[in-house]
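**Student:** This is what each chain is made of:
Protein chains: 2
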Amino acid sequence: MSEQALRYLSENRTSLLEKLNEFLSIPSVSTDSVHKKDIQEAANFLKDYLNDIGFDHAEQHDTGGHPLVYAEYNQAGSDAPTVLFYGHYDVQPVDPIDQWKSDPFKPEVRDGRIYARGSSDDKGQVFMHLAVFEAYMKTEGKLPLNVKICIEGEEEIGSEHLYDVLQDKKDQFNADFAVISDSGMVAQNQPTILYGLKGFTGIEINVTGPDHDLHSGMYGGAVRNPIMKLNHILASMKNEDEVITVDGFYDGVEPLSDKERELIENVQGENYEKATGVKETASEKGYTAKEHTMGRPTFEINGMYGGYQGEGTKTIIPSTATAKITCRLVPGQEPEQIQKILEQHVHKTAPSGVTVDVKKEKLSAKAYKVEPNHPLIKKAAKSYTKAFGKDTVYVRMGGSIPVVEWIEDIYNIPIVLLGFGTPDDRLHSPNESFPLDSFDKGMETLVRYWAEVNA
Amino acid sequence: MSEQALRYLSENRTSLLEKLNEFLSIPSVSTDSVHKKDIQEAANFLKDYLNDIGFDHAEQHDTGGHPLVYAEYNQAGSDAPTVLFYGHYDVQPVDPIDQWKSDPFKPEVRDGRIYARGSSDDKGQVFMHLAVFEAYMKTEGKLPLNVKICIEGEEEIGSEHLYDVLQDKKDQFNADFAVISDSGMVAQNQPTILYGLKGFTGIEINVTGPDHDLHSGMYGGAVRNPIMKLNHILASMKNEDEVITVDGFYDGVEPLSDKERELIENVQGENYEKATGVKETASEKGYTAKEHTMGRPTFEINGMYGGYQGEGTKTIIPSTATAKITCRLVPGQEPEQIQKILEQHVHKTAPSGVTVDVKKEKLSAKAYKVEPNHPLIKKAAKSYTKAFGKDTVYVRMGGSIPVVEWIEDIYNIPIVLLGFGTPDDRLHSPNESFPLDSFDKGMETLVRYWAEVNA
Numbered sequence: 001m002s003e004q005a006l007r008y009l010s011e012n013r014t015s016l017l018e019k020l021n022e023f024l025s026i027p028s029v030s031t032d033s034v035h036k037k038d039i040q041e042a043a044n045f046l047k048d049y050l051n052d053i054g055f056d057h058a059e060q061h062d063t064g065g066h067p068l069v070y071a072e073y074n075q076a077g078s079d080a081p082t083v084l085f086y087g088h089y090d091v092q093p094v095d096p097i098d099q100w101k102s103d104p105f106k107p108e109v110r111d112g113r114i115y116a117r118g119s120s121d122d123k124g125q126v127f128m129h130l131a132v133f134e135a136y137m138k139t140e141g142k143l144p145l146n147v148k149i150c151i152e153g154e155e156e157i158g159s160e161h162l163y164d165v166l167q168d169k170k171d172q173f174n175a176d177f178a179v180i181s182d183s184g185m186v187a188q189n190q191p192t193i194l195y196g197l198k199g200f201t202g203i204e205i206n207v208t209g210p211d212h213d214l215h216s217g218m219y220g221g222a223v224r225n226p227i228m229k230l231n232h233i234l235a236s237m238k239n240e241d242e243v244i245t246v247d248g249f250y251d252g253v254e255p256l257s258d259k260e261r262e263l264i265e266n267v268q269g270e271n272y273e274k275a276t277g278v279k280e281t282a283s284e285k286g287y288t289a290k291e292h293t294m295g296r297p298t299f300e301i302n303g304m305y306g307g308y309q310g311e312g313t314k315t316i317i318p319s320t321a322t323a324k325i326t327c328r329l330v331p332g333q334e335p336e337q338i339q340k341i342l343e344q345h346v347h348k349t350a351p352s353g354v355t356v357d358v359k360k361e362k363l364s365a366k367a368y369k370v371e372p373n374h375p376l377i378k379k380a381a382k383s384y385t386k387a388f389g390k391d392t393v394y395v396r397m398g399g400s401i402p403v404v405e406w407i408e409d410i411y412n413i414p415i416v417l418l419g420f421g422t423p424d425d426r427l428h429s430p431n432e433s434f435p436l437d438s439f440d441k442g443m444e445t446l447v448r449y450w451a452e453v454n455a
Numbered sequence: 001m002s003e004q005a006l007r008y009l010s011e012n013r014t015s016l017l018e019k020l021n022e023f024l025s026i027p028s029v030s031t032d033s034v035h036k037k038d039i040q041e042a043a044n045f046l047k048d049y050l051n052d053i054g055f056d057h058a059e060q061h062d063t064g065g066h067p068l069v070y071a072e073y074n075q076a077g078s079d080a081p082t083v084l085f086y087g088h089y090d091v092q093p094v095d096p097i098d099q100w101k102s103d104p105f106k107p108e109v110r111d112g113r114i115y116a117r118g119s120s121d122d123k124g125q126v127f128m129h130l131a132v133f134e135a136y137m138k139t140e141g142k143l144p145l146n147v148k149i150c151i152e153g154e155e156e157i158g159s160e161h162l163y164d165v166l167q168d169k170k171d172q173f174n175a176d177f178a179v180i181s182d183s184g185m186v187a188q189n190q191p192t193i194l195y196g197l198k199g200f201t202g203i204e205i206n207v208t209g210p211d212h213d214l215h216s217g218m219y220g221g222a223v224r225n226p227i228m229k230l231n232h233i234l235a236s237m238k239n240e241d242e243v244i245t246v247d248g249f250y251d252g253v254e255p256l257s258d259k260e261r262e263l264i265e266n267v268q269g270e271n272y273e274k275a276t277g278v279k280e281t282a283s284e285k286g287y288t289a290k291e292h293t294m295g296r297p298t299f300e301i302n303g304m305y306g307g308y309q310g311e312g313t314k315t316i317i318p319s320t321a322t323a324k325i326t327c328r329l330v331p332g333q334e335p336e337q338i339q340k341i342l343e344q345h346v347h348k349t350a351p352s353g354v355t356v357d358v359k360k361e362k363l364s365a366k367a368y369k370v371e372p373n374h375p376l377i378k379k380a381a382k383s384y385t386k387a388f389g390k391d392t393v394y395v396r397m398g399g400s401i402p403v404v405e406w407i408e409d410i411y412n413i414p415i416v417l418l419g420f421g422t423p424d425d426r427l428h429s430p431n432e433s434f435p436l437d438s439f440d441k442g443m444e445t446l447v448r449y450w451a452e453v454n455a
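Going down the list, the protein sequences come from chains A and B.
In terms of UniProt numbering, the first sequence has 192 at position 192, counting the first letter as 1, and numbering is strictly consecutive.
In terms of UniProt numbering, the second sequence has 353 at position 353, counting the first letter as 1, and numbering is strictly consecutive.
For reference, chain A alone in the conformation it holds in the complex:
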């Protein structure tokens, strides 16, 4: 039966891509308040599309922040399973804008890839699901299973309100299992089941010295330089071996078993040098880059700033310096505990003569691992393999999807991560893109999966 839906997708490919372009053209950047109207426009687009497809109760939930789009389809019958689909319509900021080859919000196809912010993370993948549901409705007049759609607009800013909504709406949103497409494959055209995700937490450090920028000639030698002090603090948190030197950071970390190391080794991972442009990879002493990225915790400074950044020189001692830090966590690490020891370390190493303030990120998530042998996972692998014509691999990945932990926590249902992104998509970076080939094969995977699930 899924063949008709597949034919519909190929026959209507052009118009579907046009509709995708319309969606990608909306600059729904959630972290920047100037885009509030665009966020609303993206939410409206989804609500209208879901109505057109034939979903019931398509509506927008006022979360207190950006709206969450919800819709459901219950006509597959009470015997049919119900899936909760989660995705997000908000995107990362586009800076540095001058590094984009084409306008991030004017989608452009080059070399078989569609270039636009959100093309891969996550508007593109969300759209694939809706297009597949449209294909089923237009050809069969129904869907193979009951579906509940939950698409939020705050994923890129920590899904601040999602947990509460998932809790408040538990009766309405509840389902037999959940499907999320907000992840990737280890290589283009390599079907991949994510059975492990990293947790996440972060802090911001602010160091304040003088109450205003000082002339370095008049006061150099009399006061601490906040930037230098922040350098001392940060340099004490990770060493040249890429080992995190914060007391207790690795406590309770579930070690990588030889079997798991072998699994990781066998994954045809991407070429990190090629994908990142570095001459040489660097990883935690004792682990390969692949092992560190997929299975070991990380500590990254995402941004740091203080003092003069303009043209030429400005001979000042700046008043403040700031660093934004996030960590990716593995099973065995508690986000709140990690934040606590990071904060303790900062205050322990903070020198006299400056004021050091630590702000804890609201976003926090434990790491996640799923049972690779669950039938719903097996069926996903089968659909993947059929669509891509290649065996599916099972991997752990370095990314964090807090909603995965929350759905598990609140609904306690199996979660299937059907990701179609590729390592070259440049998520969160200039020139984000998504391969049209993955667009086609990904939709075929979904068509087959929904049929399999209720087979």
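Some hints here could point you the wrong way.
Any copy will do: because identical chains look the same in the list, a pair fits if it lies in one copy or spans two.
As the list claims (entries may be wrong) - Within a straight-line C-alpha distance of at most 30 Å, the following computed DSS-like cross-link-like pairs (lysine-lysine) qualify:
{"id": "1", "residue 1": "K348", "residue 2": "K285"}
{"id": "2", "residue 1": "K285", "residue 2": "K259"}
{"id": "3", "residue 1": "K359", "residue 2": "K47"}
{"id": "4", "residue 1": "K101", "residue 2": "K19"}
{"id": "5", "residue 1": "K279", "residue 2": "K359"}
{"id": "6", "residue 1": "K279", "residue 2": "K348"}
{"id": "7", "residue 1": "K369", "residue 2": "K379"}
{"id": "8", "residue 1": "K390", "residue 2": "K362"}
{"id": "9", "residue 1": "K362", "residue 2": "K170"}
{"id": "10", "residue 1": "K101", "residue 2": "K279"}
{"id": "11", "residue 1": "K142", "residue 2": "K378"}
{"id": "12", "residue 1": "K360", "residue 2": "K138"}
These are calculated hints, taken from the structure and not from any lab test.
None of the values given here were measured: they were computed from a predicted structure.
Place chain B on chain A using the hints.
**Tutor:** The following block gives chain B in isolation, referenced to the frame of chain A:
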């Protein structure tokens, strides 16, 4: 005879302050190319004013960068000494603009201080000289000595073209001695002769890791973080004792003699905590804050930036990180040598997996010391003391004035530093200001000094 000039200054105080406001209202920021027109306007203001006063050959020299304003007065006769007056009409940038209580280019008087960018450094002090010459011309019809005026527009960006101009125009600019008012007094109302200045040099460090910002989940653990690597490099250059840990940095440094330490100790210095807002001063181990600021070399990070600085979080590994560094030098240190060992240290400590680039600042100056017993210095001290009603102190200061070294180098004439700034002027910072009281007493000092010089 100087009494008439003094009377003129007090009788015309209001109109002179209005003219000063007109000068300060021109946003002559030299480091930012968007202010090119304003720089030209400030130069025109000076040329016109010098013409009105009665100087000859008032003209603008095309330096290849911002224009240099020159004028001369030769009618004091061949027996009268000739002074070369140097000042600058360009100013520092105003950022962070939101910290200004009033518009930096709309001068405002509050609590006896005139608030405006350049009010102290250096437009205000330049204007005092011109007003005094005006006073002499309007009352005596002549000046007590021959005067050559040299006012540049590139001091805040390293006086890139000044050295060449001073060399090219040597025959025209040459004089018996030079006077510069681009410095300050150790405390308001405390006449101060600067007998020592620090030298100056700087570098910019750029660290590049991946060729684009990376998703910290997909690549965290596979590549070096450029910000963290820059932290490691910088933290290795100065320690917790505020001692610079770059091999050879202190080589050849002329030690502070007990006599000099006593001199510094006896100077009623400012209250650093009050002036800077720090709870506790910090200085090189073994030296007081005053000793370190006035007589020991310094190393300051003026600015550092990399990665995300916006609202919220952005989970990236940034592509690049940058630090701007300047050092203040003391007698015995060679700027070029210091740049060389800083660069060597950076490359020596640079880890694999990132590209580290060091850019040497063009601006460079050796430290300067003058003989406190020179008659021209003694006369300056006498005029100061008369005008301010207080004994003049002799100090070394942490600031750097490259032109001092260059005039000494090219013209080999005595240089008198007549500074009227005060420690609370907030040079290079938001809310720069200058006391009206210093404006009056400073001009009186100049009136008396010109009379003394040719007495």
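**Student:** If a hint holds in the structure, say so; if it doesn't, say that too.
**Tutor:** Evaluation of the provided hints:
no. : hint        : in the structure
1   : K348 / K285 : both (25 Å within a copy, 21 Å between copies)
2   : K285 / K259 : within (20 Å within a copy, 54 Å between copies)
3   : K359 / K47  : neither (36 Å within a copy, 54 Å between copies)
4   : K101 / K19  : within (22 Å within a copy, 51 Å between copies)
5   : K279 / K359 : between (35 Å within a copy, 22 Å between copies)
6   : K279 / K348 : between (36 Å within a copy, 18 Å between copies)
7   : K369 / K379 : within (18 Å within a copy, 83 Å between copies)
8   : K390 / K362 : neither (40 Å within a copy, 59 Å between copies)
9   : K362 / K170 : within (22 Å within a copy, 65 Å between copies)
10  : K101 / K279 : within (24 Å within a copy, 49 Å between copies)
11  : K142 / K378 : within (25 Å within a copy, 100 Å between copies)
12  : K360 / K138 : neither (48 Å within a copy, 67 Å between copies)
In the structure shown, a violation is registered for the earlier hints numbered 3, 8 and 12, in ascending order.
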